[in-house]
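Mind docking chain G on chain X? Use the hints.
Chain order of the listed sequences is X and G. Numbering-wise, the working numbering comes out as the position in the first sequence, counting from 1, plus 272. Numbering-wise, the working numbering comes out as the position in the second sequence, counting from 1, plus 2.
Don't take every hint at face value.
[Unchecked claim] Calculated lysine-lysine pairs in the DSSO-like style (CA-CA distance at most 27 Å, straight line):
(1) K331(X) x K370(X)
(2) K471(X) x K302(X)
(3) K951(X) x K428(G)
(4) K1076(X) x K157(G)
(5) K85(G) x K216(G)
(6) K58(G) x K85(G)
(7) K393(G) x K951(X)
(8) K613(X) x K676(X)
(9) K345(X) x K401(X)
(10) K322(X) x K471(X)
(11) K1168(X) x K1151(X)
(12) K959(X) x K428(G)
(13) K681(X) x K730(X)
(14) K359(G) x K428(G)
(15) K794(X) x K1206(X)
(16) K1074(X) x K157(G)
(17) K359(G) x K332(G)
(18) K265(G) x K307(G)
(19) K401(X) x K387(X)
(20) K959(X) x K909(X)
(21) K785(X) x K332(G)
(22) K265(G) x K58(G)
(23) K676(X) x K730(X)
(24) K332(G) x K951(X)
(25) K85(G) x K909(X)
(26) K428(G) x K332(G)
(27) K216(G) x K909(X)
[Said to hold, decoys possible] From chain G, some residues computed to sit far from chain X (all C-beta separations above 10 Å):
(28) I225
(29) S238
(30) D538
If you're looking for bench data, these hints aren't it; they were derived computationally from the structure. Idealized CB from N, CA, C, for every residue including glycine.
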Amino acid sequence: MKKTITAVFSMLGAVSFPLSGEDAKINFGKDIQPILEFHCVACHDANETKGGLRFDEAKLFFEGGDGGPALIKGKPDESLMMELVSLPGDDPDVMPPKGRVLNELELAKLRQWIKEGAEWPEDLKLVAKKETDFTSATPLEDNGKAIARVDVFPEDIVLESKRDSQSVVVMATYEDDTTQDVTSNATFTFADPSLVGLKTRNHFIPLKDGETRLSVEVAKHTVEVPVTVKETTVTHPVSFNLDVMPVFMRNGCNTGACHGSARGQDGFMLSLFGYDPDGDHFRLTREMAGYRVNLAIPEESLLVEKAIEAVPHTGGKLMEKGGHAYNTLVEWIATGAENEKKEEVPYVTELTLYPPKLVLEGAGSEQQMTVRAKYSDGHDRDVTHLAVFITNNEPTANIDESGKVTAGKRGEAFIMARYETKTVGIQTIVIPEGLEYTRPEMTENNYIDSLVHDKLHKLRITPSGNCSDEAFLRRTYLDILGQLPTSEEYHAFIADQGDDKRARKIDELLERKEFTEMWVMKWSELLQIRSDNNINLGISYKSALLYNGWLRDRIAANDPLNEIVVDLIASKGGTFSNPATNFYQVERDALKLSENVAQVFMGMRLQCAQCHNHPFDRWTMDDYYGWAAFFAQIGRKRGVDQREQLIYNRGSGETKHIVGGQTMAPKFLGGETPDVQGKDRREVLAKWLASPDNTYFSRNVVNMVWSHFFGVGIIDPVDDVRVSNPASNPELLTELAHRFEVEYNYDFRQLVRDICNSATYQRTTQANPSNEDDLNNFAKARVRRQRAEVMLDTITQVTDTKNKFRGLPSGARAVQIGDGRTTNYFLTTFGRATRETVCSCEVTMDPSLSQALHLMNGDTVTEKIEEGGMVKALTAEGKNSEQIIEQIYIRALTRKPTAEEMTQLLEEVNSAGEDAAQRELVLNDVFWAVLNSKEFMFNH
Amino acid sequence: MNRMLTLQGAAIKAFANGLFTALALTVLLIGHNAKAANPSFSTTIPRGAQSGTEQKVIFYGDRLSDAEEILFHHPGISVKELKVLDSKKVEVTMLVAPDCRLGEHHLRIRCRSGISYARNFWISQFPNVAEVEPNDDFENPQKISLNVTVEAEAKSEETDYYQITAKKGERLSVEIEGLRINNIRNNIAIDPFVSILNKDRFEIASADGSSLLKQESILSVIIPEDGEYIVEVRDSAYQGRGRYRAHIGTFPRPLAVFPAGAKAGSEMEFKLIGDVKGNFSTKAKLPLTTAEGTFGVFGAQGGLKSPSPNLVRVSEFDNFLESEPNNSSKEANPYEGSLPVAFNGILDEPGDTDYFKFKAKKGESFRFRVYANSIGSPVDPVLYIYDSSMKSVGSNDDADGTKDSRVDFKASEDGDYFVRVRDMLKNGGPNFIYRIETEPRSPSIDVTMPEMLRRELQYRKQFNVPRGGYYAMVVNTSRRNFSGDLVFDLPSLPQGVTWESGTIPSSVSQFPILLKAASDAPIAGGMYDLLVKNTDKDQPVEGKFKQALDLVRGPQNGVEYYTRRHDKLPVSVVEEMPFSITIEQPKVPIVRNGSMKLKIHANRSEGFDQKITTRLIWKPPGITSPSTVVFGEKENTIEYELNASGSAEINSWNVTVIAEADAGKGVMVTAAPFVKLSVEEPFVEMKLNLTTARQGEQANMLANVTKLRDFSGQADVQLVAIPAHATVPVMKIDQGTTELSLPVQTSEKTPVGQHKNLFCTVTISRDGEPIVHRVGMGGILRVDPKPKEAPKTEAVETKVVVSNKPVSEKPLSRLEQLRMEAKQQAGE
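Extracted from the complex, chain X is given alone in its bound form:
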């Protein structure tokens, strides 16, 4: 590195250091302090007093070290220090021993300083610094692209109290949307430099109260950042809650594998992810008094010694002696290891990870992140050094513990920072360097397409083309109706020459009752409609049917979904007379019920927060029990019929927090604490849940609907919405939710119409080189196995047979089964939901060996082919083999056989000779083969 001291000093003080001539008096702060801080203090301070000499304080320095005084004032040539720094670079005794030796200018300054009497302001403490932290801006390399904009993060700087500091990062966004960390290329200039000190060149500390501006200049772009410095005289003591607890979190002390486990580790327990600071304080200070924390000699506290592995520690060395974390612990103990009153501790109201979005080009490109927390008392704080950084895709974008992101292979990653109870994340896209790409001109049928294309553009992915009419027809029938088009419907659609025939077909299908039934089934799964003989554990068979019937009537009547949900959540009365009340019979435990409501209607899994704050989401135990409190007053009693239960508002009953037993007021998840006095809490909840106040609801519904048509949600799994599982296309999700909520008034038919009409839905499954690896951005249609019920129905449909299910007339479709307990071998094998939980994972679409064997060897397909007698009937109608084969293809695959297929199959059929019975057998075999083909089993 060819950094010169001039460059360093250009950053300091008056920004440019006038070369001091012999006549100018030396200035300690400007001339000497940097030399000592960069080269000496690191080895000669309280932590590491080499040679018994200290360089951090004037008094200690002048006391000298093992070899006597380091200097003699006024006599540079007799000073030991001067002698050692002046030795040749290869001399074993040269100082500094590591790094570069001092240059002529620095030596001259030292010499002059000693000569002038070595003045050192008594109260000025020196801190070890790295020279590289203060290098000046390096010129930005021209990569042939124009910078569209430059952003400085955070947008403003507030430095409060003596301890505070703030780091800034500078990011450039190019015209092609790629971003680059240009912090090292930026010049930072404060309008009033006297207010702000430097920790590093982009990390500022307060010096004096006041307001000023920081101007950041990169390649002709200048960004102004307002700076406020206040309370510089205030030094807050180290806080247990605000300073010490984050240390445990950042260093992984309170994770489940370590001391956060329920039994603790090696006899020491911390609350998992810090859900119980008071408990942790007790365990540190009181559980084994004088053991973990040593107030007399803080450095010898077991807590500290274990952390730096001064004594054996199963968890290894977690922090450096003298490091920030170490100092925090020691100082906290030294000041009495106090805890604060819970109500006095400010909590984090907002956590921001900067920059908000990255598009990194080329492996190895880097971006430093910075994290800022805003507190309930109005303060903010740079918590980059306290936050835990996580990436969900390490090969694409890795982040180290200092918050530096390094790009890897092409793809997308979600970078997260966690601090206190909050987790925040940003989307990071990595594209290969020098990719040949131009944004393709694609047909956009509606807003969905433009939003999907925007995202694909960012990823430099070209979407696949439009699917054939045959593929479209089969896909929409399976997705909207759960059935296959009949031969007549096939011919009519293919013959239709209208430009809008696809849109018309979609409208037609949406009006059919099978569409309703499909969604009744899906909601029945989420609502766990399933009978139990022991009605004390659930609902009776009659209730299950009534409940399912209620849902069917509501969906068939096209009632807005929000109204249906309100009627469910606020339901009261008998499980027979008002079947919606069965919602409260399916799950009778208030905590589980509250979890289910969050999962079904908001797509959130709250389970973790029952026992500890959610590690990858924002939900705390307070949120959990506040949410559960909505379900604390449900009354149940036996109805007139023994099988019936009455659900009512008991008007009393509370939820207690598991830590501390405090009664929790009902609080909306991520929302306010409503007034529930004298009201049915469930009614209050229901109104909020399915309203625009709750953004999760509509986002969840549209995501669920989307997932049905694409086989993957915009957030996937659909019921695992959390900060750390972000939407693959947030803009799309937001727009869909907005339309569903505002324009369509919660009518999801409209939403289905939009989705099915989009070019995105109508894409072919054929991949192109740019999208073959993509799974989540809808660049091509996804091949999906038919779900169990639909598959049984389609097999039944194409074979002209009937199924018999309990409690349903013969010929009923599997999709119509109301009771989750009614099943058969086929449905179970193919992964029908048992409806024992609300999890979307209950429906399994994964193929298995038993499925394949059942189709091939099991009785379903073979028996149905024989039972239906389609071949026999067509033969009786006088159809020839070719016509019959064509019919089989159209019915099962919604297409005519290719010439090649036809030739091969006819050969087989003709080999049977003239014998009609033999011919029928072979044709049945053809039918069997088609039904066993992947093309039949999958929706494509």
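What follows is chain G alone, placed relative to chain X:
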């Protein structure tokens, strides 16, 4: 196997001694192959008939070949001809009187071997029309005319369609009897769902149950256009299998009646509410008393009545009727008279709450009971009583296993009080009627019989007395608001049948009655009254036997779904049995903390060798026994052991056993004539002192004997519950003995430790029979280990000292032994 219930479930008190606790517990577990009544009657087809007609009905059941008669609980039906088809079927030609009460009737079959359970049978104003299959297809319904009762069978997952032709503006009503007419254990036969559709399959109305008739559906519409309509009937969950009766016609179907009750014996104009053609009124005269406490008011219009009535309460109180507004205490309807009274009202809109104000004097006490849900109102009432400052005095939602509420009220001072009622779910409507009765806390007696077989209320509630033999039953009496001795009264019984009981002491609520049939009593039977009165002539109280008929039991382990009440006792004289049972009259009493073995003899007819199970159906207070004792095949004498607790009531009691055996025609039951069981105080008392011994030594346990009463001769004393590998001889005492030494010889194998719970039996003989006492409970024998390497000489010396003492001398207590040992050691 069905589980036999103990008659004194709560009365079984575990004996202090563990040994006897174990014995007592077995009472619950020993059952018998007793299953159905003998004979058994399951159902009839058809399930009902038209009034004023003759109807052939097949009675189905088992062991019916000796059927002689049908017994009816209510008047109006007679039998023209009874023809036994085979042991499972009887064909009966019934004559139903034109004025026969519509709706439900109860009937039984009487055979020469006994009376069956009661089942229901339904009288309709319409002719029966049989269902004709196939009628499962909407397109091919069964065509019927209006105003008929369809007698049909619902098959699993089947939907039946009936087509009628109706005119615009006509009322079309449907009412189903489904759930109530099927007796299928552990399953609901049919829970009817009904809908009326037009020919375009458009549903005009549908019903799944009703507040008036619970699970049964009722439906009433005004026909919108001339034309054909389809009535659809099915099980609401497509599961049920069973018979149903669908009344389809133009009859009125009011949903509620107001007021919902009136004074017994009075004539009253009732307003019938909720018919599709509007409300109307009808007059009715209430009976003086009913078994159910209710009376059915039939709304009639145009010569047609509703198939089932609207129920009103028959009570002793005057009515006080609500007048809106009375939605707050300020607007409360004031009742100026004195209680008791019956408040009547309607919660006529959602959220309605009704207040009444009444006066009460300090100390007055009433039971406020709301009748709503139980008489077919949709109201699920919540009842509140407040004092004049609106402070709550009591409130209740559900009581006594019903949705209706009850609050016991006692005025704390003279003044105004408020009673308030609302619906629990804050629902309301024109048919939301309710009635609050304020029963004074006057003396009364409830008379029932214990549930002998779990979840089968009718089991052993038919009293079939064998000619020349006996039958016994146990009656539960429950005295309310008084105490005192009671006596039974059975004013009439079949010819040749007599009864015997005794006075029921105030300490006892359960008591046996013995029925005896003369050997020449005619084989006959009927329904009779059983009354219970108190013996205090100044304050006569009387109660009448009431029995629940569990006609339909559903899933959830056979929970009651449809239960009616009746107040007669079915008694019949049946053929002689091939055996009879007698108990030998004990000559000695059973003493408290004592035991006795009753000798029971079976007199078998020639060739009858079967096992006979005997059961002490009633035990005097404080007496326990095994639940059953069985005569083995051909066995003629058994012993039935009784144990008396320390608190067994001193008295002389009538006891009997019933005996049951399968004589080839189902289980037959008879009883033994009463014997007197005298419970007396014990003669002696005893205290056992703590004793120790080393393994292999003899321990002399000292017993302090206290004579309580004079007795003659010597008594045998046996120490019981000594440890294993120890022996003790039987000792003798006489009434002069005060101390007794019981030499327990231990061996080297006798377990070391404290052996507690030792006691003695003291058996005094009188008139050749033993009076067994169990005394000295809780004796402790401590066995110490054999001494290790004890100096031989010492041991010998000590032993010599002890054994040299004559046995007749006063044995040493443990303390004295220790002192002596210490003295000897000190002396050496």
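Now for the hints, and whether the structure bears them out:
With a C-alpha separation of about 26 Å, the suggested pairing of K331(X) with K370(X) holds against the 27 Å cut-off. Among the hinted pairs, K471(X) with K302(X) is consistent with the structure: their alpha-carbon atoms are about 15 Å apart, no more than 27 Å. The suggested pairing of K951(X) with K428(G) holds, with an alpha-carbon distance near 13 Å, which does not exceed 27 Å. Distance restraint check for K1076(X) and K157(G): the Cα-Cα separation of roughly 16 Å lies within the 27 Å cut-off, and the hinted pair is therefore satisfied.
For the hint linking K85(G) to K216(G), the alpha-carbon distance of about 37 Å lies beyond 27 Å, and the restraint is violated. For the hint linking K58(G) to K85(G), the alpha-carbon distance of about 11 Å falls within 27 Å, and the restraint holds. For the given pair, K393(G) sits about 23 Å from K951(X) by alpha-carbon distance, which is consistent with the 27 Å threshold. Simply put, K613(X) and K676(X) have alpha-carbon atoms about 35 Å apart, too far for the 27 Å limit, and the pair is violated.
A threshold of 27 Å between alpha carbons decides the hint, and for K345(X) with K401(X) the separation of about 25 Å falls inside it, so the pair holds. At most 27 Å may separate the alpha-carbon atoms for a hinted pair to count; K322(X) and K471(X) meet this at roughly 24 Å. A distance of roughly 16 Å separates the Cα atoms of K1168(X) and K1151(X); the hinted pair therefore holds under the 27 Å criterion. Proposed proximity of K959(X) and K428(G) is supported: the alpha carbons are some 20 Å apart, at most 27 Å.
Pair hint K681(X) plus K730(X) holds up; C-alpha atoms about 15 Å apart against a cutoff of 27 Å. Between K359(G) and K428(G) the alpha-carbon distance is near 21 Å, which keeps this suggested pair within the 27 Å criterion. Taking the CA atoms of K794(X) and K1206(X), the gap is near 24 Å; set against the 27 Å cutoff, the hint holds. As the CA atoms of K1074(X) and K157(G) are separated by approximately 20 Å, the hinted pair is consistent with the 27 Å bound.
Restraint check for K359(G) and K332(G): the C-alpha separation of about 9 Å stays at or below 27 Å, so the hint holds. A C-alpha spacing of about 24 Å is found between K265(G) and K307(G), which places the hinted pair at or below 27 Å, so the restraint holds. Taking the CA atoms of K401(X) and K387(X), the gap is near 25 Å; set against the 27 Å cutoff, the hint holds. At most 27 Å may separate the alpha-carbon atoms for a hinted pair to count; K959(X) and K909(X) meet this at roughly 25 Å.
Among the hinted pairs, K785(X) with K332(G) is inconsistent with the structure: their alpha-carbon atoms are about 55 Å apart, more than 27 Å. Annotation: proposed proximity of K265(G) to K58(G) is violated, straight-line Cα distance about 39 Å (limit 27 Å). Pair hint K676(X) plus K730(X) holds up; C-alpha atoms about 22 Å apart against a cutoff of 27 Å. A C-alpha spacing of about 24 Å is found between K332(G) and K951(X), which places the hinted pair at or below 27 Å, so the restraint holds.
About 49 Å separates the Cα atoms of K85(G) and K909(X), which puts this hinted pair outside 27 Å; it is violated. The straight-line distance between the Cα atoms of K428(G) and K332(G) is roughly 20 Å, inside the 27 Å bound, and the hint therefore holds. Note on K216(G) and K909(X): the hinted pairing holds, with a Cα-Cα distance of about 17 Å set against a maximum of 27 Å. Even its closest Cβ contact with chain X, about 25 Å, leaves I225(G) beyond 10 Å, as expected for a residue assigned away from the interface.
Look at S238(G): its CB is around 6 Å from the nearest CB on chain X, not clear of 10 Å, so calling it non-interface is violated. With a cut of 10 Å on Cβ distances, D538(G) stays outside the contact zone with chain X, its closest approach being about 41 Å.
In the structure shown, a violation is registered for the earlier hints numbered 5, 8, 21, 22, 25, 29, in ascending order.
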